[in-house]
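A.B. asks: Residues per chain are reported as follows:
Protein chains: 2
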Amino acid sequence: MAKILLTGDRPSGKLHLGHYVGSLQNRVALQHQYESYIFVADVQALTDNFENPNLVKESVYEVILDYLSVGIDPNIATIYIQSQIPEISELTIYYMNLVTHSRLERNPTVKTELIQKGLEESFSVGFLCYPINQAADITAVEGEIIPVGEDQQPMIEQTNEIVRRFNRIYGEGILKECEALIGKVGRLPGIDGRGKASKSLKNAIFLSDERDIIKDKVFAMYTDPNHIKVSDPGKVEGNIVFAYLDVFHEDKEEIDSLKKSYQKGGLGDVQIKSILFSSLEKILFPIREKRKTISKDFVMDIALNGSKKARKKAMVTLEKVRAAIGIKYA
Amino acid sequence: MAKILLTGDRPSGKLHLGHYVGSLQNRVALQHQYESYIFVADVQALTDNFENPNLVKESVYEVILDYLSVGIDPNIATIYIQSQIPEISELTIYYMNLVTHSRLERNPTVKTELIQKGLEESFSVGFLCYPINQAADITAVEGEIIPVGEDQQPMIEQTNEIVRRFNRIYGEGILKECEALIGKVGRLPGIDGRGKASKSLKNAIFLSDERDIIKDKVFAMYTDPNHIKVSDPGKVEGNIVFAYLDVFHEDKEEIDSLKKSYQKGGLGDVQIKSILFSSLEKILFPIREKRKTISKDFVMDIALNGSKKARKKAMVTLEKVRAAIGIKYA
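First to last, the protein sequences are chains E and B.
Using this note's numbering, the first residue of the first sequence is number 1, and each one after it goes up by one.
Using this note's numbering, the first residue of the second sequence is number 1001, and each one after it goes up by one.
Do not take every clue at face value.
Stated by the list, open to error - Per the computed footprint, the stretches of chain B lying under chain E, defined by three or more beta-carbons under 8 Å from a beta-carbon of chain E, are:
id	region
1	1083-1095
2	1123-1130
3	1266-1272
Bear in mind the hints are in silico, worked out from the structure with no lab data behind them.
All residues carry an ideal CB built from backbone N, CA and C; glycine is no exception.
Next up, chain E with everything else stripped away, as it sits in the complex (with noise of 0.2 Å):
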């Protein structure tokens, strides 16, 4: 039997290229190795958006709209939504006993992303316990193989440390230990040459993007700030139409020309964009087209099937662990 893989996103804006070369194309090939059940988790999005909560329902629809649109097939995947399953929740509140106070405020991701946000000082409670709601979230379905950055270790790390402690105090063998699949770092930078693309930088390229704005996008991209002059020599390194070029076009061996001209000189930033965009609308022209087919209702119908088969499995698991706990009076 298939190992069951789980994966999700959390709900806040519309995926974009970075989304697709750092988890969606893997997710897609992986769906024939793997029971794969994939979740877009709303009730984790609301850690740090709870103050906007129509920006996270509208990117329920939009994210599974996006996970369609790359061939996740529903058919073969499970595509479900998080806060469709209430166990979860109940599943957290008992992992919160095992987890001390100390060992979560040093978990290395959540240190790393309040310092991103910005909210060093005034993170919800909810935003520091996200790693024991993943725990929730994998134990619920019995997942076994989770593809993740590097980053994301220390959550897989935390999620078997709950298991372990739980399986010591209440009953061996009753959760399973998961495994970390960590994939090739597919980072992508922002089109600004600054950071990273990410949604709230406004500098990535999204699937849903119409045919212009994609071009417009490459055509502001970032080169190099001293090749003025089509003669002029320019810089690779840095150069963030060479690095989506490394990722998207197809032909290496016409990228390492490309990259040797434009170092000696005589290959304008026009050019090497207009060769980008065509790339990318390689892959992104039919991303747009099956988007385009797809209804809401055919979205949401799949989100809520999903759902309630991820619901079976979570049921099961929470009668198992209230039952460990002995918390059954019925």
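Could you slot chain B onto chain E? The hints should help.
C.D. replies: Frame of chain E, contents of chain B only:
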């Protein structure tokens, strides 16, 4: 329509005379004045007893039996078990976003408890968050009147802070504020004279103690260590027998004259202890007798029926909360 009163106990042992004086007696009176919801907070008891779930489970039964024995009337009050209302966990998760970490760490009640329990270094996140869990308890059944001791007032403030913040973000009037009903401070010292009567200090007389045990405990009570011979003058201050007589002996004039004789000399410890024993038996005998008439099945029937009723209310609250946040998709 009568206002909704909410109160309860953490099931981590049987109830004792300290509870009787501090809350039970009061509840028996208040049940005629308010629509009373009285619950056994097993999920909360697990926050600091998670390694001892059997104690919690057994105590759920014992505490409800204590309720019924002292005269809580299940025909007018709703008795329920916290874990049977999973909506409380879900509400807790949403409320956790509305409380900053630093606010929670400043909670004076939690701080004091951590010191009392020697948990300053190693407390769990579950324990830290229990005031948020209490806010969920209260709002789940729309509790309006919460009988508390003065030391518990910060809990009510925390609940109302959450209510106000929730309403400000998600819509005015969705959750209701509650109010503390501060009782006269019915604090009972332990029979050993060290601190207040408590299960963990093993210095309490339980409502379910048999006559012989009560007698032993009364005759072991701390009096005045310098009052050796009956003819010696004795001290009344700090003398636990007199502290208990003040609380439980009906004839206040008699107490005054006993105190005078004791202070003058000529009144023995055996005599005052015998008087106290009779006074306690006047209260405890009928409780003990009633206890014997109640079957385990009856207790669980009451608790599960009460839980059904409370859960219905909690589901309404949760529906409102989810709709306000916008996490409804079906």
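A.B. asks: For each hint, tell me whether it holds in the structure or not.
C.D. replies: Each hint tested on the structure:
| no. | hint | result |
| --- | --- | --- |
| 1 | 1083-1095 | holds (count 9) |
| 2 | 1123-1130 | holds (count 7) |
| 3 | 1266-1272 | violated (count 0) |
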